[in-house]
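Enquirer: Given these sequences and hints, build the entire structure.
Residue numbers (numbering that gives the first Met the number 0), protein chains in the order written: chain A, 0 to 132; chain B, 0 to 153.
Careful: at least some of the hints might be erroneous.
[Claimed, not checked] Computed beta-carbon distance windows for the label pairs: (1) B/A144 - A/Q74: 19 to 29 angstroms; (2) B/K26 - A/K110: 35 to 45 angstroms; (3) B/E109 - A/Q74: 14 to 24 angstroms.
Calculated directly from the structure, the hints in this document are not laboratory data. Virtual Cβ for every residue (Gly too), placed ideally from N, Cα, C.
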Amino acid sequence: MKKSGVLLVAAAFVSATFLQMNTVKKDNSTTEDTEVAVKIPKKVQAVIDKSCYGCHSADGKSDKAKDKLRWDKMQEYSKEDLVSIFDEIIEVAEEQEMPPKKFLEKKPEVKPTEKEYAALIKWAEKEADKLLK
Amino acid sequence: MKSLKIFIIVIVVILIGIQLIPSALPKNNPDLSKDISKTQDVTDDVKIILHKACYDCHSNQTVYPWYSKVAPSSWLVAKDTREGREELNFSDWSDLSKRKKVKYFKEIAELVEEREMPMKIYTVIHRDAALSDEEIKTLTDWTKAQSNLLLSDN
Numbered sequence: 000m001k002k003s004g005v006l007l008v009a010a011a012f013v014s015a016t017f018l019q020m021n022t023v024k025k026d027n028s029t030t031e032d033t034e035v036a037v038k039i040p041k042k043v044q045a046v047i048d049k050s051c052y053g054c055h056s057a058d059g060k061s062d063k064a065k066d067k068l069r070w071d072k073m074q075e076y077s078k079e080d081l082v083s084i085f086d087e088i089i090e091v092a093e094e095q096e097m098p099p100k101k102f103l104e105k106k107p108e109v110k111p112t113e114k115e116y117a118a119l120i121k122w123a124e125k126e127a128d129k130l131l132k
Numbered sequence: 000m001k002s003l004k005i006f007i008i009v010i011v012v013i014l015i016g017i018q019l020i021p022s023a024l025p026k027n028n029p030d031l032s033k034d035i036s037k038t039q040d041v042t043d044d045v046k047i048i049l050h051k052a053c054y055d056c057h058s059n060q061t062v063y064p065w066y067s068k069v070a071p072s073s074w075l076v077a078k079d080t081r082e083g084r085e086e087l088n089f090s091d092w093s094d095l096s097k098r099k100k101v102k103y104f105k106e107i108a109e110l111v112e113e114r115e116m117p118m119k120i121y122t123v124i125h126r127d128a129a130l131s132d133e134e135i136k137t138l139t140d141w142t143k144a145q146s147n148l149l150l151s152d153n
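Expert: Below, the structure is given as structure tokens:
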């Protein structure tokens, strides 16, 4: 009886150590990520939420869309990926190619206004420049 | 027998006729002042790869083969060269912003690794443009290094 009690405590101790190691590892990776932290001001976040997030996040239905851009993973991309993504965001916003036309036929109310497109472009340019300095 | 003769005559007339339709091969330009080698450290092995596998479509120094002078193959060459230069032109590299350069380095690595570039149809005739695994690695190591330089330099 006593023996198994000691074993239990020992097992608990060992697994706790492992758990701790795991969390330590996780912490390390997040500190690396914060190096390239992407800052999204409220105004821009509102546009993203209204017009982009549904397709370009975990719940999006199109794998193509998720391959290209995941707003919920912005803090996980490498610097190189981010610069490319910002460049593409600027391109699609300048040409007003996103959200896709077909989608807007059904939901015209989610199309960003001219001002909102401009805000998105300005923000992406600034974030890209930050990475290139 | 008679109908076969007519058929051949019609084909020949069409083949001659289409030679009159201009194919508009994009013009070459010997100016190298904005070439990628001027601003980026293009090593000799990378230069060889770019020139044999990409420059015919992605530069102003296209080497036009004989079949590019004859319709209908000339139309195909003209289209690929025109569209290729529009997407990416190594002869105009200096015009690009740092941001675009980083993006292109990433796209080059991705497309070459996935063997989407050089275009399949091109490697059928230009056999030496079909890149070996080693050449692909040389190219992608280089794009990675170049893009890191752009991301770190002040």
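Enquirer: With reference to the structure, classify each hint as holding or not holding.
Expert: Hints and how they fare:
Between B/A144 and A/Q74 the Cβ separation comes to about 25 angstroms, which falls inside the hinted range of 19 to 29 angstroms. Hint check: B/K26 to A/K110, Cβ distance near 41 angstroms, so the stated range 35 to 45 angstroms holds. Roughly 22 angstroms separates the CB atoms of B/E109 and A/Q74, a value that falls within the hinted 14 to 24 angstroms.
This entry satisfies every hint, going by the numbered hints stated previously.
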